[in-house]
Amino acid sequence: MSGSMKGMQRWLLLLLLIGQAGCYRASFYTDPKLVRGLEHDEWTSFFVFGLVGTQVIDVRNFCEGKQIAEVKTGGNFATAFVSAITFGIYTPRKVYVTCAAGPGKSQQFGSLRKLQLDVDSAGQPTRAVISTEAGRTQVAQITPVGPDTYSIRYASGGAR
Amino acid sequence: MNAIKAVGLVVLVISSSACFTTTLRSGKPANAPRLENDRRWHHGVIWGIAELSGPYDLKKICPNGWAEVTTETSFLNGLLTSLTSSVYTPQSVTIRCSGEEAEPSEEAEETEGEAAAESGTRKL
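These protein sequence lines map, in sequence, to chains V and R. First residue of the first sequence? That's 145 in the numbering used here, and the numbers climb one at a time after it. First residue of the second sequence? That's -4 in the numbering used here, and the numbers climb one at a time after it.
It should be emphasised that the hints constitute simulated quantities derived from the structure, not laboratory data. Fair warning: there could be bad hints in the mix.
Pulled a few chain R residues facing chain V out of the computed Cβ check, cut under 7 Å [stated by the list, open to error]:
| no. | residue |
| --- | --- |
| 1 | Cys14 |
| 2 | Phe15 |
| 3 | Leu19 |
| 4 | Pro24 |
| 5 | Ala25 |
| 6 | Ala27 |
| 7 | His37 |
| 8 | Trp42 |
| 9 | Gly43 |
| 10 | Ile44 |
| 11 | Tyr51 |
| 12 | Val64 |
| 13 | Leu75 |
| 14 | Val82 |
| 15 | Gln86 |
| 16 | Thr89 |
With a straight-line Cα cutoff of 27 Å, these simulated DSS-like cross-link-like pairs (lysine-lysine) come out [said to hold, decoys possible]:
| no. | chain 1 | residue 1 | chain 2 | residue 2 |
| --- | --- | --- | --- | --- |
| 17 | R | Lys0 | V | Lys177 |
| 18 | V | Lys210 | R | Lys23 |
| 19 | R | Lys0 | V | Lys210 |
| 20 | R | Lys54 | V | Lys177 |
Partial selection, computed: residues in chain V whose CB lies under 7 Å from chain R [what the hints assert, rightly or not]:
| no. | residue |
| --- | --- |
| 21 | Asp175 |
| 22 | Thr198 |
| 23 | Val203 |
| 24 | Gln211 |
| 25 | Val215 |
Built from N, CA and C at the ideal position, the CB exists for glycine as well.
Work out the full structure: start from the sequences and follow the hints.
Below, the structure written as structure tokens:
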């Protein structure tokens, strides 16, 4: 086998490693005890070797009420490839967000099915009872927030 | 002279700026970072494939919850990456906690412990 072929094989192996492992990684666990669920990723755009561009990402958008198990910044084969073919003019990176496994906060109580609202003789709400598809009910707290406007709150984990 | 000034300006801008600045927010209010978590060096090797100083345990660093983490490549980080042909690839990491209290470092704990002991001695 010629030297150039060996060299190419080495580069391919390296690219494969980068593609599998990801490069320029910085990882943060939010809680090591959390069981990891789905991993989401998003491209982040930078230009001129990363000098131009600042990315701010709200990680709550990824997990739909579930806890976040891990966040990570870095790149992979695709970002390295794009950076190489654009000669560093466009140098994307990636953000990885791993959600915790299990139901999200919004799913712990289940989807709402019925809201029973009792009112007094003046038409003011006095009692609210929320029922879910799972058959659970819970008395919600009613708070006036303005003229003829009320906020109804219930505890996601405290249903009876 | 103008050319030297221009080059100097470019060097100044590059050295004072950072590359690939990415901030991840949890949605909680952020405190100012503690000194040890402000642009701490994150050591990576071979194009950053392997992390030598991570992963970071945010629950340990921020017991009351984390607010923001920022990763960036400072001028010095980039210079070292370049000089070592990406064998050593450091980054700078900033961790901002939420809430007023955050777990003090071991050094701080020792210092606080000593201070408490001194205070106790004085009271006695």
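Structure-based check of each hint:
1. Cys14: Because about 3 Å separates R/Cys14 from the closest Cβ in chain V, which is inside the 7 Å limit, the hint holds.
2. Phe15: 4 Å, holds
3. Leu19: 5 Å, holds
4. Pro24: 13 Å, violated
5. Ala25: Since the shortest Cβ distance to chain V is 12 Å, the answer is violated.
6. Ala27: With Cβ-Cβ at 17 Å, over 7 Å, it is violated.
7. His37: Holds: closest Cβ of chain V sits about 5 Å from R/His37, inside 7 Å.
8. Trp42: 4 Å, holds
9. Gly43: This interface hint holds because 4 Å falls under the 7 Å limit.
10. Ile44: With Cβ-Cβ at 5 Å, under 7 Å, it holds.
11. Tyr51: 5 Å, holds
12. Val64: 5 Å, holds
13. Leu75: 13 Å, violated
14. Val82: Where the cut-off is 7 Å and the nearest Cβ of chain V is about 12 Å from R/Val82, the hint is violated.
15. Gln86: At about 6 Å, which falls below the 7 Å cut-off, the nearest Cβ of chain V leaves the hint on R/Gln86 intact, so it holds.
16. Thr89: Since the shortest Cβ distance to chain V is 11 Å, the answer is violated.
17. R/Lys0 x V/Lys177: This hinted pair is violated, its Cα atoms lying about 55 Å apart.
18. V/Lys210 x R/Lys23: Answer holds: V/Lys210 to R/Lys23 is near 15 Å, not above 27 Å.
19. R/Lys0 x V/Lys210: The hint is violated at about 53 Å.
20. R/Lys54 x V/Lys177: 10 Å, holds
21. Asp175: Holds. Min distance 5 Å.
22. Thr198: 5 Å, holds
23. Val203: Because about 5 Å separates V/Val203 from the closest Cβ in chain R, which is inside the 7 Å limit, the hint holds.
24. Gln211: 10 Å, violated
25. Val215: 5 Å, holds
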